[in-house]
Each structure stands twice: as structure tokens, then as C-alpha cells.
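Anchor point for the sequence shown: position 45 equals 45 in the numbering used here, and the numbering is continuous, going up by one each time.
These are calculated hints, taken from the structure and not from any lab test. There may be inaccurate statements among the hints.
Taking lysine to aspartate or glutamate and the DMTMM-like style, the derived pairs with C-alpha atoms no more than 25 Å apart in a straight line are [said to hold, decoys possible]: (1) LYS41 - GLU29; (2) LYS31 - GLU53; (3) LYS72 - GLU23; (4) LYS81 - GLU23; (5) LYS81 - ASP24; (6) LYS72 - ASP42; (7) LYS72 - ASP6; (8) LYS31 - ASP48; (9) LYS81 - ASP26; (10) LYS81 - ASP48; (11) LYS41 - GLU53; (12) LYS60 - ASP42; (13) LYS81 - ASP38; (14) LYS72 - ASP26; (15) LYS72 - GLU29; (16) LYS41 - GLU68; (17) LYS31 - ASP6; (18) LYS31 - ASP42; (19) LYS81 - GLU68; (20) LYS81 - GLU53; (21) LYS60 - ASP38; (22) LYS60 - ASP48; (23) LYS72 - ASP48; (24) LYS60 - GLU36; (25) LYS60 - GLU23; (26) LYS72 - GLU36; (27) LYS72 - ASP38; (28) LYS41 - ASP26; (29) LYS41 - GLU23; (30) LYS60 - GLU29; (31) LYS81 - ASP42; (32) LYS81 - GLU29; (33) LYS81 - GLU36; (34) LYS72 - GLU53; (35) LYS60 - ASP6; (36) LYS72 - ASP24; (37) LYS81 - ASP6; (38) LYS41 - ASP6.
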Amino acid sequence: MSIITDNVIPGNHGKIFGTNAIEDLDLLEIKSSLLELDGIKDVLLNTDIFPREFTVYTSKMIPISVIENRVKLVGFHAIPKGLFEL
């Protein structure tokens with residue numbers, strides 16, 4: 001494990017997560033819950049694919065485990081996708 005694989009790095013690339021949430025209302029609940037965390041600038045939802053995905057953009061380094069645990073509190077899972085493209 002490294003700093004890049006264990007954290008969401010601030011910048012314009014964000015980190016993509018897959019989720020088992022299907023309904024738009026559930027995805028919006030995940031988004032609003034994540035936006036309450038300090039350091040998260042934006043959450044973009046991708047509802048065109050299955051399983052659904054969301055991208056988290058941060059203003060500071062945030063551990064992936066914090067995002068996973070916050071989504072679990074809403075009742076769903078968040079699975080981080082591979083590293084960002086360089």
C-alpha cells in the first residue's frame with residue numbers, strides 16, 4: 001500500500017468509486033453525505049453505467065477508508081477503482 005493507493009489526492013483528477021446503489025435518490029444521498037466531510041470539494045455521479053460510479057474531488061488528502069465508511073453509514077458500499085491516468 002502507498003500514499004497514492006490509500007488516499008484521494010487533491011487535484012483535478014479525483015478518485016472513482018463503484019457502488020451497489022442503483023436508485024438516483026440513493027446516489028444523491030451518498031453524494032450529500034460525502035459533501036459533509038471536510039476537504040471534499042465535489043462528487044460527480046455517473047448513472048449511465050452499471051454498476052454505478054461516483055468520482056470524489058478533494059481539496060486535501062483524504063483516506064479512502066473514510067469515504068468507504070461514510071458510504072457504509074448510508075447503507076451502501078464504495079469500491080475504489082484503479083489508479084488515475086497520467
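Okay, the hints, checked on the actual structure:
1. LYS41 - GLU29: At roughly 16 Å apart (the allowed maximum being 25 Å), GLU29 and LYS41 satisfy the hint.
2. LYS31 - GLU53: At roughly 11 Å apart (the allowed maximum being 25 Å), GLU53 and LYS31 satisfy the hint.
3. LYS72 - GLU23: Holds, because 16 Å separates the two Cα atoms, which is no more than 25 Å.
4. LYS81 - GLU23: 20 Å, holds
5. LYS81 - ASP24: 21 Å, holds
6. LYS72 - ASP42: With a Cα-Cα distance of about 19 Å, the restraint between LYS72 and ASP42 holds, given a limit of 25 Å.
7. LYS72 - ASP6: 17 Å, holds
8. LYS31 - ASP48: Given that 25 Å is the threshold and the Cα spacing comes to 16 Å, the pair holds.
9. LYS81 - ASP26: 20 Å, holds
10. LYS81 - ASP48: 17 Å, holds
11. LYS41 - GLU53: 17 Å, holds
12. LYS60 - ASP42: Status holds; Cα separation ~12 Å.
13. LYS81 - ASP38: 22 Å, holds
14. LYS72 - ASP26: Given pair LYS72, ASP26 holds - Cα atoms ~12 Å apart, limit 25 Å.
15. LYS72 - GLU29: 12 Å, holds
16. LYS41 - GLU68: Judged against 25 Å, a Cα distance of about 17 Å means the pair holds.
17. LYS31 - ASP6: 20 Å, holds
18. LYS31 - ASP42: 8 Å, holds
19. LYS81 - GLU68: Holds, at about 12 Å.
20. LYS81 - GLU53: OK: LYS81 and GLU53 at ~9 Å, within 25 Å.
21. LYS60 - ASP38: 9 Å, holds
22. LYS60 - ASP48: 28 Å, violated
23. LYS72 - ASP48: Given pair LYS72, ASP48 holds - Cα atoms ~22 Å apart, limit 25 Å.
24. LYS60 - GLU36: 14 Å, holds
25. LYS60 - GLU23: Judged against 25 Å, a Cα distance of about 29 Å means the pair is violated.
26. LYS72 - GLU36: 15 Å, holds
27. LYS72 - ASP38: Status holds; Cα separation ~18 Å.
28. LYS41 - ASP26: 20 Å, holds
29. LYS41 - GLU23: 23 Å, holds
30. LYS60 - GLU29: 22 Å, holds
31. LYS81 - ASP42: Satisfied, since the Cα-Cα distance of roughly 17 Å is no more than 25 Å.
32. LYS81 - GLU29: 21 Å, holds
33. LYS81 - GLU36: Measuring from Cα to Cα gives roughly 22 Å; hence the hint holds.
34. LYS72 - GLU53: 15 Å, holds
35. LYS60 - ASP6: Given pair LYS60, ASP6 holds - Cα atoms ~13 Å apart, limit 25 Å.
36. LYS72 - ASP24: Holds, at roughly 17 Å.
37. LYS81 - ASP6: 12 Å, holds
38. LYS41 - ASP6: 19 Å, holds
Hint compliance for this structure: hints 22 and 25 are not met, and every other hint is.
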